[in-house]
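Which chain is which? The protein sequence lines are V and S, in order.
Sequential numbering of the first sequence, starting at 1, is according to our numbering.
Sequential numbering of the second sequence, starting at 1001, is according to our numbering.
Just so you know, not all the hints are guaranteed correct.
Only pairs whose alpha carbons sit at most 16 angstroms apart, straight line, appear in this in silico EDC-like list of lysine to aspartate or glutamate [stated by the list, open to error]: (1) S:Lys1200 / V:Glu370; (2) S:Lys1200 / S:Asp1334; (3) S:Lys1200 / V:Asp142.
Derived by calculation from the structure, the hints in this document are not laboratory data.
The primary structure of each chain is shown beneath.
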Amino acid sequence: MLASLLSATLQGLDGRPIRVEVDVAPGLPGFTIVGLADTALQEARERVRGAIRNSGYEYPPRRITVNLAPADMRKSGASLDLAMALGILVGSEQVRANGRWAVLGELSLGGELRPIPGLLPMVAALARRRVRRVVVPVEGADESRLADGIDVVPAATLAEAALLVRESSRGRARSRPPRVEMAAEVGDDLEASRSGVACESGGPDLAEVRGQIEARRALELALAGGHCLIMIGPPGSGKTLLARTVPGLLPPLDDEEARVATIIASVAGSTPIRGLVRSRPFRSPHHTISYAAMVGGGPHMSPGEVTLANDGVLFLDELPEFDRATLEALRQPLEDGRVSIARVGRAAVFPSRFQLIAAMNPCPCGHAGEGDGRCRCQAAVVDRYTNRISGPLRDRIDLWAHMPRVRPEEYVGAAAPESSATVLRRIVDSRRRQIERGGCCNSRLTGRALRAACALSSVEQGHAIRLAEMEGWSARGIERLLRVARTAADLDGSARVEAAHLDEAARFRSPSGRRLGFAAVI
Amino acid sequence: MLGVQSLGPLAPRRVAEGIVREASGVPLEPAPVSGHSEMSSERDAWVTLLGVPGLGPVTFASLLAAFGSARAVLDEAAETAGPSRLREALAHAAADRANDRVEAAASRSDPTSDAWHGRRADLGADLARRICESVSVGARTVELVRSLGLTVVTLDDTAYPDRLRRVDMPPPLLFVRGSIDSLAASHSIAVVGTRRPSDKGRLVAGWIGSGLARAGAVVVSGLAVGIDGAAHAAVVGEGLATVAILGGGHARLFPRAHERLADAIVAAGGAVIAELAPETPASRGTFPRRNRLVSGLSDAVVVVEAGRRSGALITAGWALEQGRECFLVPGPIDSPTSAGCNAFLRTFPGQARVVCGVPELIEDLGLAAEDATDGAGDPTEPGRSKGHAGAHRAPSATAAGAGRAAAMASLGPVERLLAECLVQGPATADDLAARTSLPGAAILSALTLLELRGFVSGSYGRYIPAGLLARWPGSHQREPV
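Make a model of the complete structure from these sequences and hints.
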């Protein structure tokens, strides 16, 4: 008998409804899956067989053919397990399906339903297909309910799902308890293994960072205006510590951002989702990260770090140590706010409006510019080191903050630096002003919108010109100055950009020429 | 290279002078290279010939002696059998002179003359070939010199600095960018030191640089990072003339980090000069040669900081050999950046002198008191730098601190507070915040204003006093606020 169920897989950040047709026919026992299924899907045969047997049903000793439609689309992942298993049960007439159901979920050999990454976009895609009801794993129920216009019915096991589809939506009470006898002591650390890079939420407080008023201010400006920031300093000057305070300084996401962030989190599958994701992501991949892990791609067209950091912060420690190609790949996402990945037969567009925060040493030994003769790096070596960051990438960094070594006095001194809460309040206020004025944060202002936002008087215009002449800035350099000055004014609560704001912004200008040290003299 | 002057009749200066004068009739005036007149054609030939890699002053002098003029050498080289003819002619001329020398050597018993003789007669096949090849690329070199806006000064020009003319083996050509007059200043003092100075050393280099410049001397140095750069920058900050001598050629300015400093030096009425052809890269071997030029162009050499094996000590050694005065800033006995200075003072007790303060140094050098320099008609008073046309441009007709006091008075309260801190030496924003208790944003804005006025330069998050702030603060320094 032929059974046909609706399920879905993931392509990029979108769900794709898939029709699963199961034919249970007489003949030599066998199980064939057709329709461009990848390895994980082919392995579904074993999971489905085990799940059926261990759920108290009979695995039919017949010729089973599963067809996944549309046939020309490459399918991957384990989201179709449940559909295949139910299809076999319906096809072998052990279960009678009633109504128009879609089913999603991965099966364990014991018949347990496991959550799958990307549940939210899949459910949303099914809702768009006007599917009325969908069975999802219990653990993914909260996440699935974030999609509108579809009735989400959680099930813990295959048996429970079979009961659900047999009865109409308001069926009788669940008769049979799920028959799952798992070895409880075997830890299931699926969660931990799925997350590539751990997202830190509870970083240190800004009050723990001693000294470094210049870099603190740069970080505040960067987070308030969404500007890209690079911190340059010797080892131990607190670059990484400062970066780790970032999660505690990020303003919450607005509704639209939260929706996208939740979909991305769902696809990344790193943490169970209980509701809309409201906190901005902070990603800090190690510098050995591969190209595909950074921009996305791979066999499953997974989102890369640039997408996982969408609307949040991508922190790259030891920037020159990153692979050159990987760094260059950041240019398009930084510019366009999205990254399109094309592979043979498929393409995906991922959002990637992230804010880059980077840290690096001034030279290979890390002690250049400390004035104590400790740095023995030759000029050419320093050049080679710093030139690993290409000009086009430098051009996209609005704020350059130097972090000289902190003197012992700063550590033992009594002065209490500002706490994260104080600074966060200013950042949130400043963001709000930016959104009210221009509808976007200052880092996205260019050209006319930027000039209008700054509203420089003739005095300040003259001042800006003097600053630009001092450095021999290009148009892009002046835009960077104005953008940062606008943010400084917003932090002050000032409607107009004043000379002091321009001066402060100029403090964080990018070093002219090829070297990082603002040229050693003059 | 060549001990030209000790070799009497073969000194290239004399040879060259005689021959070029014969060829052109009049002494060459310093002028940008141009290809039309006969004399600039000879000048072009010098540029072409001295641009040949491996051809030093020795061979150049011999070639001039053998052929009469550089143009004649190139004409000969352009022939088909050029290389062999060059070599023959040179060998022939050398043989003639060798006869003279045997007699001369008998009377003088100069042990080196045979060695010189041997080198002199020999024009390697490779070098001869390169000379012939240079005929075709010569125009390009000349074009490059022109496009870089360089002035070529030959040993025969009246503008050739007299100090340099008097040293052993003066370079036949100088490529000058900027003011030629600054080479002929009545007082010219070299300030040199290590490329990796301490903060204090950098500060002292600035004090000495600006102090000497304001006392009317042109400060000569090597444009290297470190002490050299700090000295140049301090003089440029005053808007006065300084001379930078490159280790390589102009088209390959080294270090690249000082490209802007070089521009500022030229804009302030100083000069950047090179002995080597524009496309010669600076290399390990070219720096000692540059150091010789630094001391050769100066009346005295001041070494601010030098490690035990610093190149600045080579300059100091040349200074003693060339009969220049030599001053060294002493340092703590355990300071690695002053070890070379201290050792030099110990090694040359009678000759090397100690710097114990900027006014004392100026006095020891016999320079006029500071106020005299502001008198009208001072030949060393150069054009002012455009980029530093701030308030400190007002002539400081009174005592040392007056200009600074006036400049300080023109600053806002926050900037003045910071300026007073920075006079003590380089500081980070944290240091300034700790000393002034000002809010961070105010400090950062004020630092930009100070930078805009040329009082501060930032480097890796440290703020280094420049311009007026880099002046000798006098014996009664202010206590930290």
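Lys1200 (chain S) paired with Glu370 (chain V) [C-alpha distance capped at 16 angstroms]: holds (12 angstroms)
16 angstroms limit on alpha-carbon distance, applied to hinted pair Lys1200 (chain S) and Asp1334 (chain S): This hinted pair holds, its Cα atoms lying about 15 angstroms apart.
Hinted pair Lys1200 (chain S) and Asp142 (chain V), Cα distance within 16 angstroms: Violated. Lys1200 (chain S) to Asp142 (chain V) sits at ~65 angstroms, over the 16 angstroms cutoff.
Of the numbered hints given earlier, the model fails hint 3 alone.
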